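There are 2 protein chains.
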Amino acid sequence: MNTLDSQIIRPTLLLNKQKCINNIEAMIARAQRANARLRPHFKTHQSAEVGNWFKEKGIDCIAVSSVEMAKYFADHGWKDITVAIPVNVREIDLINELASKIQLNLVIESRESILFLESELQHKLGIFIKVDTGYHRCGIPSEAIGSIQILTDLMKESEKLECQGFLAHTGHNYKASDQQEIHKNHSKTLLDLNELKDVFRKEIPNIELSLGDTPACSISEEFYGIDELRPGNFVFYDIMQYVLGSCEENEIAVAMACPVIARNIDRNELVIHGGGVHFSKEFIEADSEGTKLFGSLVRITENGWSEILGGGFLAELSQEHGIIRCSDELFDEFTIGDLIGILPVHSCMTANLMRNYLSTDGNWISTMNS
Amino acid sequence: MNTLDSQIIRPTLLLNKQKCINNIEAMIARAQRANARLRPHFKTHQSAEVGNWFKEKGIDCIAVSSVEMAKYFADHGWKDITVAIPVNVREIDLINELASKIQLNLVIESRESILFLESELQHKLGIFIKVDTGYHRCGIPSEAIGSIQILTDLMKESEKLECQGFLAHTGHNYKASDQQEIHKNHSKTLLDLNELKDVFRKEIPNIELSLGDTPACSISEEFYGIDELRPGNFVFYDIMQYVLGSCEENEIAVAMACPVIARNIDRNELVIHGGGVHFSKEFIEADSEGTKLFGSLVRITENGWSEILGGGFLAELSQEHGIIRCSDELFDEFTIGDLIGILPVHSCMTANLMRNYLSTDGNWISTMNS
Chain A
1 MNTLDSQIIR PTLLLNKQKC INNIEAMIAR AQRANARLRP HFKTHQSAEV GNWFKEKGID
61 CIAVSSVEMA KYFADHGWKD ITVAIPVNVR EIDLINELAS KIQLNLVIES RESILFLESE
121 LQHKLGIFIK VDTGYHRCGI PSEAIGSIQI LTDLMKESEK LECQGFLAHT GHNYKASDQQ
181 EIHKNHSKTL LDLNELKDVF RKEIPNIELS LGDTPACSIS EEFYGIDELR PGNFVFYDIM
241 QYVLGSCEEN EIAVAMACPV IARNIDRNEL VIHGGGVHFS KEFIEADSEG TKLFGSLVRI
301 TENGWSEILG GGFLAELSQE HGIIRCSDEL FDEFTIGDLI GILPVHSCMT ANLMRNYLST
361 DGNWISTMNS
Chain B
1 MNTLDSQIIR PTLLLNKQKC INNIEAMIAR AQRANARLRP HFKTHQSAEV GNWFKEKGID
61 CIAVSSVEMA KYFADHGWKD ITVAIPVNVR EIDLINELAS KIQLNLVIES RESILFLESE
121 LQHKLGIFIK VDTGYHRCGI PSEAIGSIQI LTDLMKESEK LECQGFLAHT GHNYKASDQQ
181 EIHKNHSKTL LDLNELKDVF RKEIPNIELS LGDTPACSIS EEFYGIDELR PGNFVFYDIM
241 QYVLGSCEEN EIAVAMACPV IARNIDRNEL VIHGGGVHFS KEFIEADSEG TKLFGSLVRI
301 TENGWSEILG GGFLAELSQE HGIIRCSDEL FDEFTIGDLI GILPVHSCMT ANLMRNYLST
361 DGNWISTMNS
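Keeping their order, the protein sequence lines are chains A and B. Take the first sequence: its letter number 169 is residue 169 in my numbering, and every next letter is one higher. Take the second sequence: its letter number 248 is residue 248 in my numbering, and every next letter is one higher.
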């Protein structure tokens, strides 16, 4: 019997394909109810094979977080790709190569970027103007109509840059303290984007609004005026999303399987092979005293993993070691060489580090980093 | 003129070879003064080419942090390798393969690991017992003589496991608040290890003591009784080591070059392409209010980088974006498409993510992750 356990030698990211497909179907249904296109963000999985699960459900456009990632997915047959980060103009050669083959859309927020592209582009591409609706990472403040107008005016005269509308990311939703805050942030993004649509509707033909954060796309049913949803993390979810209320525990589709390499009975600690180079050092604060949580524990089963185990958590990470603090009971359950499962705090960062995944039905899945 | 600037398209880890070689020579000199072998930890650079710079200076043994990394360096000609993490027994097939070809040394701290190896090994290998001198990550407490005796007794009867002595890591030195604390922690490790040497000297022929942390190996001249130094980070150093006082600013041998992709004049923020997937999310607290610092700023020059720029720092990271907060002056200096340099907080984690390096003399250097 070819159980998972016998296939795992070192830290391994397990992926439950059925859970992924359920998550994909649920988001497709939500986008349909919102009457919006789903353009899933593929930075989470970075895998052509996982991408195909979307394709099989009818998805034909995606977002990515770098021009290199756009190239990888273009090479795997995707024909409509938005690079959802302000354009790095140094990538112009690869941008030109991709724009000659597919519908490539870039994101800009500055006059300089537009002038550069206008001068260096050899092919047409779509442009979204990045607007800031409260996250304050990047984008033009949505109320700065004058600054936005400068950009739309520049594009009006361009034969290569086709302004497609406005793109926002309610990234502050990942730091929300409860669902009410997510709804509030999301409402402001909706209001701001729709106001821009009203202002620029006449001068930008077929103007579109694109938003995408997994928390709002997972819990809200309100997307008036929005043409496109762009969430990414939902395909895997993780502990951060579970704590935010974006998903149920059984919707988390990835778990890291790590071998126990040492045990300390005085401190009730299990040491695993599995560190910052596997999980990333992202954590959430588990209590008001600032206790760091790097992952929750599950038992690895014959073809997947159990519910979250009470009485323990991944408490520390160095480069290759992880420290699990646990109850007497859990401590006694695991010995040297056993596998223990960890639901990661941030699946995007963990998946990026792991470079390939083992599906719970026993197949290795490669990524652009394999 | 082939300047660095023209070679850089996306986030790129620059490496100053001469600084690396200076760091290597300084550590070799320190080990010689201490009358100890230098067994550098290669988890920092993970590169056969950087490894050769050590080999050219006469280094012939190394430490690594996984059996896979041991295989990579064995494939590149290294014949004496210690895997300096408690053994993951699931790697037994690769362990046997390597032990048939090179002098392989493993680290153990449990009866279970010894019994497993004794039963499954096909070749001789060296064993270090991991002892804990205060870091409390793993290892048997150095005062637990009885527990250690159980392990040495088991190995006395083994024909495959050759006990080589004791290995410790003063990892709490990375969290020290000043140099005095580093000296204090280091003194305790020296005392503890030497006491063990005295106790087990008779029963373990050629007993050895191995310690290795970059802070103590960089600032102490006191290594009595120690046979082997095992630091790793010193080849690159980083901001964390600079803050600890382990290195001078001009000994930091790596800097990330990142393109500016957006600017926000209201917040004096530069947005770079360069995020958690490039730097890792490791940070240090820059002040008593908990301000996070993910890296310090430098100017990229024709063949390297400048001194640290005052008036700004890398303040936030998401997956692919970084946010630099800076003074008016710095803000005005950088426009869209310019490169800005960042000295990373933790070079080991950053190098692991970047997978290859661009030397400041214009050559690409590959790693085991390339």
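Since the hints were derived computationally from the structure, they do not count as laboratory data. Computed from a prediction, not measured in an experiment: that's the story for all the values here. Accuracy of the hints is not assured; some may be wrong.
[Stated by the list, open to error] Under the rule of at most 25 Å between Cα atoms (straight-line distance), these lysine-lysine pairs were calculated in the BS3-like manner:
hint: 1; chain 1: B; residue 1: Lys79; chain 2: A; residue 2: Lys292
hint: 2; chain 1: A; residue 1: Lys175; chain 2: B; residue 2: Lys292
hint: 3; chain 1: A; residue 1: Lys156; chain 2: A; residue 2: Lys197
hint: 4; chain 1: A; residue 1: Lys57; chain 2: A; residue 2: Lys79
hint: 5; chain 1: A; residue 1: Lys57; chain 2: A; residue 2: Lys17
hint: 6; chain 1: B; residue 1: Lys175; chain 2: B; residue 2: Lys160
hint: 7; chain 1: B; residue 1: Lys101; chain 2: A; residue 2: Lys292
hint: 8; chain 1: A; residue 1: Lys175; chain 2: A; residue 2: Lys156
Okay, the hints, checked on the actual structure:
1. Between Lys79 of chain B and Lys292 of chain A the alpha-carbon distance is near 40 Å, which puts this suggested pair outside the 25 Å criterion.
2. With a C-alpha separation of about 16 Å, the suggested pairing of Lys175 of chain A with Lys292 of chain B holds against the 25 Å cut-off.
3. Annotation: proposed proximity of Lys156 of chain A to Lys197 of chain A holds, straight-line Cα distance about 16 Å (limit 25 Å).
4. Between Lys57 of chain A and Lys79 of chain A the CA atoms are separated by roughly 16 Å; this keeps the pair inside 25 Å, and the hint holds.
5. Pair hint Lys57 of chain A plus Lys17 of chain A holds up; C-alpha atoms about 14 Å apart against a cutoff of 25 Å.
6. The straight-line distance between the Cα atoms of Lys175 of chain B and Lys160 of chain B is roughly 38 Å, outside the 25 Å bound, and the hint therefore fails.
7. For the given pair, Lys101 of chain B sits about 42 Å from Lys292 of chain A by alpha-carbon distance, which is inconsistent with the 25 Å threshold.
8. Our distance criterion of 25 Å between C-alpha atoms is broken by Lys175 of chain A and Lys156 of chain A, whose separation comes to about 37 Å.
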